[in-house]
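If you want the building blocks of each chain, they are given just below.
Number of protein chains: 2
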Amino acid sequence: MRKKSSVTLGLIQMACGEEPRANLSKALDKIKELADRGAEIIALPELFLSRYFCQEENKKFFDLAESIPGPSTEVLSKVAAEKKVVLIASLFEKKDQTYYNSAVVLDADGTVKGLYRKTHIPDDLKNYYGEKFYFTPGDLGFKSFETRYAKIGVGVCWDQWFPEGARLMALEGAEIIFYPTAIGRQVKGVPDSLNEKERNAWITIQKSHAIANGLFVASVNRVGLEDHLDFWGSSFVADPMGEVIASAGDRKEESLLVSCDLAEIDAVRQDWPFVTARRKEAYSKLVR
Amino acid sequence: MRKKSSVTLGLIQMACGEEPRANLSKALDKIKELADRGAEIIALPELFLSRYFCQEENKKFFDLAESIPGPSTEVLSKVAAEKKVVLIASLFEKKDQTYYNSAVVLDADGTVKGLYRKTHIPDDLKNYYGEKFYFTPGDLGFKSFETRYAKIGVGVCWDQWFPEGARLMALEGAEIIFYPTAIGRQVKGVPDSLNEKERNAWITIQKSHAIANGLFVASVNRVGLEDHLDFWGSSFVADPMGEVIASAGDRKEESLLVSCDLAEIDAVRQDWPFVTARRKEAYSKLVR
Chain P
969 MRKKSSVTLG
979 LIQMACGEEP
989 RANLSKALDK
999 IKELADRGAE
1009 IIALPELFLS
1019 RYFCQEENKK
1029 FFDLAESIPG
1039 PSTEVLSKVA
1049 AEKKVVLIAS
1059 LFEKKDQTYY
1069 NSAVVLDADG
1079 TVKGLYRKTH
1089 IPDDLKNYYG
1099 EKFYFTPGDL
1109 GFKSFETRYA
1119 KIGVGVCWDQ
1129 WFPEGARLMA
1139 LEGAEIIFYP
1149 TAIGRQVKGV
1159 PDSLNEKERN
1169 AWITIQKSHA
1179 IANGLFVASV
1189 NRVGLEDHLD
1199 FWGSSFVADP
1209 MGEVIASAGD
1219 RKEESLLVSC
1229 DLAEIDAVRQ
1239 DWPFVTARRK
1249 EAYSKLVR
Chain B
969 MRKKSSVTLG
979 LIQMACGEEP
989 RANLSKALDK
999 IKELADRGAE
1009 IIALPELFLS
1019 RYFCQEENKK
1029 FFDLAESIPG
1039 PSTEVLSKVA
1049 AEKKVVLIAS
1059 LFEKKDQTYY
1069 NSAVVLDADG
1079 TVKGLYRKTH
1089 IPDDLKNYYG
1099 EKFYFTPGDL
1109 GFKSFETRYA
1119 KIGVGVCWDQ
1129 WFPEGARLMA
1139 LEGAEIIFYP
1149 TAIGRQVKGV
1159 PDSLNEKERN
1169 AWITIQKSHA
1179 IANGLFVASV
1189 NRVGLEDHLD
1199 FWGSSFVADP
1209 MGEVIASAGD
1219 RKEESLLVSC
1229 DLAEIDAVRQ
1239 DWPFVTARRK
1249 EAYSKLVR
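As given, the protein sequences belong to chains P and B, one line each in that order.
Start counting at 1 in the first sequence, then tack on 968, and there's your number in my numbering.
Start counting at 1 in the second sequence, then tack on 968, and there's your number in my numbering.
These are computed hints drawn from the structure, not numbers from a lab.
Treat the hints with care, as some may be off.
A pair holds if it fits inside one copy or across any two, identical chains being indistinguishable in the list.
Below 30 angstroms or equal to it, Euclidean Cα-Cα: the simulated DSS-like pairs (lysine-lysine) are [as the list claims (entries may be wrong)]:
(1) Lys1165 to Lys1028
(2) Lys1248 to Lys1119
(3) Lys1165 to Lys1248
(4) Lys1052 to Lys1028
(5) Lys1253 to Lys1062
(6) Lys1111 to Lys1253
(7) Lys1051 to Lys1220
Bear in mind that the values here come from a model prediction, so they are computed numbers and not experimental data.
Work out the full structure, taking the sequences as your base and the hints as a guide.
In structure tokens, the structure reads:
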């Protein structure tokens, strides 16, 4: 039985440069700083080791992929164990001859607790999200990982638009869903009003997962200008009624330290049993 | 082929009194007024013919039920045909010995286009939504109805909290989802802040259905104090990116007249193909 119901999340909203080693080093510094401030589960943005290379289709970027476990998890595992923190790290994975947009969960003793591979892959090069060129859709399904501090689910970026993913993680027992993300404004050809409308929709859909499933949602985005995209940050945590309890700005690096009382999950679900009151016999067409 | 892509919705946010005949008469007046102002599809709140009797469990209220088609649809069909409007009317249905919380869709020629029976029934008497005492869960599934002016889906109140329902209607081709609703603040025992948080969540979850499915959502609520509940109105229409394009206040009767350009659906879905990019082979646990 867990000793306490509160858990402290750390969200690292960071800008990512050309050099993977520099990005890793920056991430490690921010992890240590957040851990020292009391963070217990720390999440990094999608593919934080590199620029968001999916803005173009270029074979050279396949060289960025690595195995899991592998060189990055080795370094991250060490800091997880040293600081006794759970880490969620989005990595470009190569497994045999196949490439995935993956997220690894490292437990607070540094062990690999589990792996998730992005299910929904955007095929949208015209808007600079040309991920189908690089990534095979995930084959591991949506999961929940029982870490030292909480049961957590992990979706990656585009997954956040699909209520099915959040629901599946909730059904697996997730108390907190993390979405490492890389999403931003288009710097040319899209009016500011549309970019802002998209940012609002991105917040709304993720808040809705918290509401529909009575759990916490933590979304962590990169920030800063890279080629055609100006990543909008705006990382946030929503409580089980969908209220944003912490949020970062849209223009600069920022780390969020957010205390979540997991007892709120039971309290909310006793009034709003949307996970247990589902009528799955009426849903068969969802999978046909 | 449809002649035009725009359709004008009419939402009747009304207070409902003790007397069904008076409620029907009021509704007819409001329907005619909206039709004369150009409304083509008009929706009424959940169970608008009576007070929201599910605040208590009392057998006498079964007497309110009627058949569909039946006395109310007869009157409503006439006005639908006369004014050439599609009507969405939530009625307490008795079919053989079974009672449903239903919504009937009347086409603009007055014919019964289809019927939906509320799928998700709240069993929450402590919060004054004791519907399980009255209603059998719907047996017709989530549908889309091809009316003269648009393909529409209809969910009823509590259905709005379940993303599965909205998704199923979208998969059936709905361009607009209507949610006739009866939801409000508890007048005793719940702090204002919690009531307001619930109202915000109610708006957010419905906006999210518009985003996840790239379609219009129209939510029409009753308003006014009835026993333990102060129905909060706040009826609104969201566009396919989840932006609220029209909304009513939370304290008084109000009719909304809202023009929707259905061409926005294709435009949004070409950038955000969340309905077609689903990976249903990964969703099997949703129905297990």
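Tested hints:
Taking identical chains as interchangeable, the C-alpha atoms of Lys1165 and Lys1028 are never at most 30 angstroms apart, the minima being 34 angstroms within one chain and 49 angstroms between chains. In the homo-oligomer, the alpha carbons of Lys1248 and Lys1119 lie at most 30 angstroms apart both inside one protomer (24 angstroms) and across protomers (25 angstroms), since each shortest distance falls under that limit. Taking the shortest Cα distances, Lys1165 and Lys1248 sit within 30 angstroms of each other only across copies (28 angstroms), while inside one copy they are farther apart (33 angstroms). Within a single copy, Lys1052 and Lys1028 get their C-alpha atoms no closer than 36 angstroms, and across copies no closer than 62 angstroms, so neither meets the 30 angstroms cut-off.
In this assembly of identical chains, Lys1253 and Lys1062 lie within 30 angstroms of each other by CA distance solely across copies; the values are 27 angstroms between and 34 angstroms within a copy. In this homomeric assembly, Lys1111 and Lys1253 come within 30 angstroms of each other (Cα to Cα) both inside a single copy, at 22 angstroms, and across copies, at 11 angstroms. Taking the shortest alpha-carbon separations for Lys1051 and Lys1220, only the intra-copy value of 26 angstroms comes in at or below 30 angstroms, while the best inter-copy value is 56 angstroms.
Of the numbered hints listed earlier, those contradicted by the structure are 1, 4.
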